[in-house]
Amino acid sequence: MDTLYDVNMHTSEKNEEKDVSIVNKTEVSKKLHSSTFDMVPVLTITRMKKVIKEQIREQFDKIVK
Amino acid sequence: MGIFKSAYRVLENEIYNQIPKAGCIACGECCVTPHVTLIEFCYMMDFLSDNPDKLIETISKVVSYHPDYPGYFKCRFQTADNFCEIYPNRPLACRMHGHPVLEKMGMQYHVYCQKIQSVEREISQEEVYYFLDKTNNLNQGYYPYYTAPYWVSGLNIETWLTILFTDVNRSFFKLLQKIIKRNIKVSELSPYFIQKVNLKEKVELIEEFQSELSSGNYEKLEPLLYRIQNDFPDTGAYYYFESDLYRNALLEKRA
Chain A
58 MDTLYDVNMH
68 TSEKNEEKDV
78 SIVNKTEVSK
88 KLHSSTFDMV
98 PVLTITRMKK
108 VIKEQIREQF
118 DKIVK
Chain B
105 MGIFKSAYRV
115 LENEIYNQIP
125 KAGCIACGEC
135 CVTPHVTLIE
145 FCYMMDFLSD
155 NPDKLIETIS
165 KVVSYHPDYP
175 GYFKCRFQTA
185 DNFCEIYPNR
195 PLACRMHGHP
205 VLEKMGMQYH
215 VYCQKIQSVE
225 REISQEEVYY
235 FLDKTNNLNQ
245 GYYPYYTAPY
255 WVSGLNIETW
265 LTILFTDVNR
275 SFFKLLQKII
285 KRNIKVSELS
295 PYFIQKVNLK
305 EKVELIEEFQ
315 SELSSGNYEK
325 LEPLLYRIQN
335 DFPDTGAYYY
345 FESDLYRNAL
355 LEKRA
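Note that the protein sequences, when read in sequence, are chains A and B.
For the first sequence, the positions run 58 to 122 when the working numbering is used.
For the second sequence, the positions run 105 to 359 when the working numbering is used.
If we strip away everything but chain A, and leave its shape as in the complex, we get (with noise of 0.2 Å):
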């Protein structure tokens, strides 16, 4: 099964600086969603970053001026 992930966004290590922000900076506006059992959601979105981030510029795209 194709994955949808990039694959080798953790062994960038430009990358994985970018990752760990998202993270960090969510950690300081709230403290809620940071625990070991929100893993899935947090670390899937860095896996996923660019996958979403993509999707959502084609939102962006669509919208009538």
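One or more of the hints may lead you astray.
Quick look at which bits of chain B chain A covers, simulated, 3 or more residues with Cβ under 8 Å [as the list claims (entries may be wrong)]:
| hint | region |
| --- | --- |
| 1 | 125 to 139 |
| 2 | 236 to 242 |
| 3 | 246 to 254 |
| 4 | 315 to 322 |
| 5 | 345 to 352 |
Okay, the calculated bits of chain A under chain B, using three or more residues with CB under 8 Å as the criterion [said to hold, decoys possible]:
| hint | region |
| --- | --- |
| 6 | 95 to 102 |
| 7 | 113 to 119 |
Taking lysine-lysine pairs in the DSS-like style, the calculated list, with each CA pair at most 27 Å apart, reads [stated by the list, open to error]:
| hint | chain 1 | residue 1 | chain 2 | residue 2 |
| --- | --- | --- | --- | --- |
| 8 | B | Lys324 | B | Lys165 |
| 9 | B | Lys208 | B | Lys125 |
| 10 | A | Lys107 | A | Lys119 |
| 11 | B | Lys304 | A | Lys110 |
| 12 | B | Lys278 | B | Lys289 |
| 13 | B | Lys324 | A | Lys107 |
| 14 | A | Lys119 | B | Lys306 |
| 15 | B | Lys324 | A | Lys106 |
| 16 | A | Lys110 | B | Lys357 |
| 17 | B | Lys238 | A | Lys107 |
| 18 | A | Lys106 | A | Lys119 |
| 19 | B | Lys282 | B | Lys300 |
| 20 | A | Lys107 | B | Lys300 |
| 21 | A | Lys119 | B | Lys324 |
| 22 | B | Lys304 | A | Lys106 |
| 23 | B | Lys109 | B | Lys289 |
| 24 | A | Lys106 | B | Lys289 |
| 25 | B | Lys300 | A | Lys106 |
| 26 | B | Lys306 | B | Lys278 |
| 27 | B | Lys125 | A | Lys119 |
| 28 | B | Lys178 | B | Lys219 |
| 29 | B | Lys208 | A | Lys107 |
| 30 | B | Lys306 | A | Lys110 |
| 31 | B | Lys165 | A | Lys110 |
| 32 | B | Lys208 | A | Lys106 |
| 33 | A | Lys106 | B | Lys306 |
| 34 | B | Lys306 | A | Lys107 |
| 35 | A | Lys110 | B | Lys219 |
| 36 | B | Lys178 | B | Lys285 |
| 37 | B | Lys324 | A | Lys110 |
Worth flagging that the hints you see were computed from the coordinates, not collected in a lab.
As the structure is a computational prediction, the values presented were derived from the model and not from experiment.
Just so it is clear, CB atoms sit at the ideal spot from N, CA and C, and this is done for glycine as well.
Take the given structure of chain A and dock chain B to it, following the hints.
Just chain B now, with coordinates in the frame of chain A:
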């Protein structure tokens, strides 16, 4: 026969059984409702499927809020003496609890349980991603996995139960409900589930956000994102980080 039978074998053999055990002493203080994928949720519930009385008891439980996680419920599978009702079928998140690698990955809070003496073997970040990817990939073939507008990947147990036993009245969530019902025997159990979370209200807000986004009404989006993130803590992390990405996209658009 459930459609997830082969997926359960992958969960057991290639994921769960590969995770080293942590020396949990069952103090029960950390057991907040975990976020799990669809197949994991069915696997957890499947453990009780041959014990209808226990299943009803678990479903009908009214659980209290966890003191350390505002708005989050305690885990409904936690027993009165702090053990896990479904321990052999517990999900990835619970199996990872106590492993030091998670702190390096940005999840500081409660990761270092002070009562866990040691872990069987320390695991690497790459291994964590392997377990996560494998678990998520298992789910991808069964529903529109992690796509707009709803972005469903892992949900907490209370949210899955709400999807299963209430009418969220959206085709996407009806599909999820149908899949779950094909895998676990829960017919006629919905009257026993009384502690639903505010998923329907959150979904309505998400749809309002998506509608305003489609119309290009940018000034209305930020307040909606704020409410999506903050008004429904019982639904856990659902749409929380996705809201952040939308917010970032909005900022880029304005720049």
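* Check each numbered hint from earlier against the structure, then list the numbers of those it violates in ascending order. => Checked against the structure, the hints that fail are numbers 8, 20, 24, 25, 27, 31 and 35, while the rest are satisfied.
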